[in-house]
Amino acid sequence: MNSKLRLFLIENAVVILFIILIAFAIPVSELPAGFLLQEILMRIGPNAFLVIALLLPIMAGMGLNFGMVLGAMAGQIGLIFITDWGIVGIPGVLLAMIISLPISVFLGWVCGSIMNLAKGREMVTGFILAFFMNGIYMIVVLYAMGSIIPILNPELLLSRGYGIRNVVGLDGVRQSLDNLIPLKFNLSFLTPPFVKVPIFCFVIVALVCLFIVWFRKTKLGQDMRAVGQDRAVADAAGIPVERTRILAIIISTALAGIGQVIFLQTMGTINTTASHEQIGMFSIAALLIGGASVTRASIPNVLIGVILFHLLFLVSPMAGKNLVGSAQLGEFFRQSVSYGVIAVALVLYEWKRQTQEHESRADLRGETEPAKKAGGAA
Amino acid sequence: MTRRSLIQRSAVLLGLMGLAVFLFYIGKGHTLLLDTNAITINGQEISSADNVEVSVDGQEPKSMGRAERTMVSVGGPSHTIQIEVIDGDGRKVEAKFTVPTFMDMAVVSIPAILEKAPREHWVTKFTPPPPEEAAAEQMEMQDDTPVAPAPGMELKPTPEAPAPKAP
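Heads up: the sequence lines are chains X and D, in that order. Each residue of the first sequence is one higher than the last, beginning at 1 in the working numbering. Each residue of the second sequence is one higher than the last, beginning at 1 in the working numbering.
Be aware that a few hints might be false.
Here are a few chain D residues that face chain X, going by a calculated C-beta distance under 10 Å [claimed, not checked]:
{"id": "1", "residue": "Met17"}
{"id": "2", "residue": "Gly58"}
{"id": "3", "residue": "Ser78"}
{"id": "4", "residue": "Asp104"}
Derived DEER-like restraints, expressed as beta-carbon distance ranges [as the list claims (entries may be wrong)]:
{"id": "5", "chain 1": "X", "residue 1": "Phe202", "chain 2": "D", "residue 2": "Ser73", "range": "35 to 45 Å"}
{"id": "6", "chain 1": "X", "residue 1": "Pro32", "chain 2": "D", "residue 2": "Ser73", "range": "48 to 58 Å"}
{"id": "7", "chain 1": "D", "residue 1": "Gly65", "chain 2": "X", "residue 2": "Phe35", "range": "33 to 43 Å"}
Simulated from the structure, these hints should not be mistaken for lab results. It should be emphasised that the depicted structure is a prediction, and the values quoted were computed from it without experimental measurement. Cβ atoms here follow ideal geometry from the backbone N, Cα and C, with glycine treated the same way.
Using the sequences and the hints given, assemble the complete structure.
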């Protein structure tokens, strides 16, 4: 086989595998094409924003930011407040983002500082930190709100008089961004023929993509890349490594907070105790499905990943139902694939890292190629 | 932190706070009760037309008869109302009004706007009925006074249950 083609297949194995899976699952699911197109168009914008939030920590060599859940919590707190105050429409969405910003910046700073204490173990640190902060978030939302933090709207509170209800309806801001620039196509060859395009969400995603492209060229962006490539070299070059890493996490967490606001305004409800929990896993799975790795991710990876992940999300329950008579089986399959892809990516990353370390040690010892391979296999 | 960066950060913080206050002001939601009940101003009673169509901020028009109330949700302080008298003179009135920021629920008097009454009578704060009345109404609803059974539905006497035996 041509070596270039082989390299291409190896590098894009995950994407190709998912395309084959989806190509098989779509006809089995028997879902109409118009429905799939509509759902994908509605999901790309809000989810892409969340996945883009993962790019900067990868650039800074901190891997997949499982701590983005902290930003999602901040976004939810912002939405709870605007629902309580009765702020509606676009101003409500923007105000929720502004409220989430200081919270997510603070949480991002805490997360980044802790990750600096656990260099090389950022992902597992972020993962556990998200669990820890989830407890704090629960205390704030289920106990402090209504007792210490004033909540004016009694409909938001649990019957005991404090704590936010499990489900908060976002009637005032529901799909405000999606419907800001309404655009509907009549594609007669599809069923159903009418497809609504949330143009404004795409504009926001395009803007944040431009921001990432611009940011990479700035001094801070270059510093992040240098830190991501080699911390010791970056430190020797006078780059403040720890500060740069903290900034990467702060920006990522802030973007995750804004992304969660956009995502939930599309959904129209907050599951107070659970909406944020799955966001980290889903976003990371989407990015990896798009062909990214722990050390390398780009905007095309984000877009491809979001489309493939959500197509699988949509078709797998129906495909499972039509194949084996159980929609739940399809859903379990999708979940196992999502988490499996994260596990494979992490294992591959660790394997590559160990191989590289071993090779560099062998180089230092001046070992020959066969000896290196033998050592690597061992 | 240098003096310059401190000023820059403070300016950004203040700008964000200002923007938040502005967004709160322009985004505050209100529930409007469009009211076609007659209104008395300076001893003169103004009543609504028999049948009107009312639309607020370009929302779908609501058809209203005399002495009715309809609820609409709006956001922000300034609103435009369009009233069309369906029968009668067929007038169309378009007017602008503002709702105070912290007035969550307001009553908008349609006859006052139709008859171009002074603006202070257009929008008034909605005052819910006192809780005592509401409780009294509930008590009336939950009245469990025994009622005489309908003919043929009388309860038949049942044989007395035997007293429980002591262990």
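*asked:* For a quick check of understanding: which of the numbered hints are violated here, in increasing order?
replied: 2, 3, 5 and 6
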